[in-house]
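*Asks:* Please build the complete structure, drawing on both the sequences and the hints.
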Amino acid sequence: MDFGFCLSPSSHVKMDSVDLTTFNRLKETNPDINTCIACGSCTATCTAGHFTEMSFRRILLMLQRGKEDEAKKMIQHCMLCGKCTLVCPRGINIRKILLDITR
Amino acid sequence: MKENILIIGGGAAGMEAATQLHKMGLNPIIVEKSEALGGHIAQWDRLFPAFHPAKDVVEKMLDQVKGIDVRLNTEVVDIHRDNNSFHAILSNNETIDAKAVILATGFDIFKAERKQEYGYGIYNNVMTSVELEKYFRTGKDERINHPKKIGFVHCVGARDVKVCNTYCSKVCCTTALKQACEIKEVFPDAEVYTFYMDLRMFGPGYEDLYLKTQKDFDVKCVRGRVCEVSEDMDGKLVIKAEDTLFGKPLKMTLDLLVLMCSMEKNKSIDAIQQKLGVGNNSDGFMQNKDMYLGMNDTAQDGVFVAGACTAPKSLPDTIGEARSVATQVYNYLKR
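In the order they appear, the protein sequences are chains A and B.
This note's numbering numbers the first residue of the first sequence as 1 and each following residue consecutively.
This note's numbering numbers the first residue of the second sequence as 1001 and each following residue consecutively.
Rather than coming from a laboratory, the hints here were simulated on the basis of the structure.
Take the hints with a grain of salt, since some may be wrong.
As the list claims (entries may be wrong) - Dumping the calculated DSS-like pairs for lysine-lysine here, alpha-carbon to alpha-carbon at most 30 Å: (1) A:K67 - B:K1212; (2) B:K1099 - B:K1023; (3) B:K1212 - A:K72; (4) B:K1111 - B:K1289; (5) B:K1149 - A:K72.
What the hints assert, rightly or not - Partial chain B-side listing against chain A, Cβ under 8 Å, derived: (6) I1029; (7) D1218; (8) D1243; (9) L1245; (10) F1246; (11) K1248; (12) L1250; (13) K1251.
From a predicted model like this one, the values you see are computed outputs, not experimental measurements.
Beta carbons are placed, not taken as given, at the ideal position from N, Cα and C, and that holds for glycine.
*Replies:* Take a look at the structure:
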């Protein structure tokens, strides 16, 4: 019977149960993913980002907060133009990392 | 006869100012309330940004003050001014006549119990940055028992109107990253998180330390202030914070939480400071004449300030100020 109300799921990220397999695998071949300072340069310059929610710095966070599916969905907007890699002040090879995530 | 300069406080600022004044041919007298010179820095293990042993610096400073008048376990109990000289009565009943006074009384550590939501003094596994440093120095602390997950909370007692400290304590960010690397060195398998609001890496080599923290030590920096800490049935700590870069609150279980306590003004000197006619600034530290050209001067001629008694300062800042106060005192006496 539907009473018209329901329980909302918790919005908390439960860090104790986050699966970091993908992130840790990536880290092995791309140790520079740890060095992101979330400046947002990648997102601001992103060609796809002008029309979609594409944001590389958020993708990195999603992988570390148990939102791998969302991250992979977001990556589909990427056109691999590589502008993000040009602007990153930490010199992170973003284009390669994006390719590695989907691999 | 050499002119006496009374220096209150035998920490980094007091020792360095005394060294310089001594070289200038004056007679500095250090009055230190504790049983040894060195102040807070003598309690420290290694210094940021390059993990330099604090002992090296302290030993060099102690070496330089050899031959300088020092009164340990002594406080100034009364002071008054007679035209251009000061008469100080010490707790050992000695009287000192000095031509100038340098307040180098430094800081106190914020009492972490005041931020009750972090559970210091309530939960076993919450400790302060000062206690962690002591652990690095001595290798002993019963709270540290092969922790698997460790958190650092920045800005404890700083940038917080709730404790009436709206200022930034300047050195805690860099100290947190330094300590995060060090604890990772001791426990390489541990996951280490720091919870920051801004990372203020203001000095030379500090950004390099930040990069090293991320890259070589795999420390995870989360932007967001820990809002509450509780304990679960196993005695582990459950913390809540928002990951403000991700835009979602998060919950995490930790084995150890380290609180980066801020610097507060050392209030044990308030009575003497008042007698000398030196006021406080809006952060509660001593008021200097102006922050650019008069940083060592006060509203009173002949009364000078140096080091962390006017604001939170790093060791290089303090040594720089101690050297500049010596010049100011010298010029004051020669005028």
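*Asks:* With reference to the structure, classify each hint as holding or not holding.
*Replies:* To see whether the hints hold, each was checked on the structure:
1. Simply put, K67 of chain A and K1212 of chain B have alpha-carbon atoms about 27 Å apart, close enough for the 30 Å limit, and the pair holds.
2. Restraint check for K1099 of chain B and K1023 of chain B: the C-alpha separation of about 17 Å stays at or below 30 Å, so the hint holds.
3. Of the supplied pair hints, the one linking K1212 of chain B and K72 of chain A holds, its CA atoms being roughly 29 Å apart against a limit of 30 Å.
4. At most 30 Å may separate the alpha-carbon atoms for a hinted pair to count; K1111 of chain B and K1289 of chain B meet this at roughly 29 Å.
5. Between K1149 of chain B and K72 of chain A the CA atoms are separated by roughly 28 Å; this keeps the pair inside 30 Å, and the hint holds.
6. Hint status for I1029 of chain B relative to chain A: violated, with the closest Cβ pair at about 49 Å, above 8 Å.
7. Interface restraint check: D1218 of chain B against chain A, minimum CB-CB distance 6 Å, threshold 8 Å, status holds.
8. With a cut of 8 Å, the hint placing D1243 of chain B at the interface with chain A holds, because the nearest CB-to-CB distance is about 7 Å.
9. The beta carbon of L1245 of chain B is positioned within 8 Å of a beta carbon in chain A (closest approach about 5 Å), and the interface hint is therefore held.
10. Here the hint on F1246 of chain B is kept, as its CB sits about 5 Å from the closest CB of chain A, short of 8 Å.
11. Satisfaction of the interface hint for K1248 of chain B is found here, the shortest Cβ-Cβ separation to chain A being roughly 5 Å, below the 8 Å cut-off.
12. Because the smallest distance between the Cβ of L1250 of chain B and any Cβ of chain A comes to about 4 Å, under 8 Å, the interface hint for this residue holds.
13. For the restraint placing K1251 of chain B at the interface with chain A, the shortest Cβ-Cβ distance is roughly 5 Å, inside the 8 Å limit, so the hint holds.
Hint compliance for this structure: hint 6 alone is broken.
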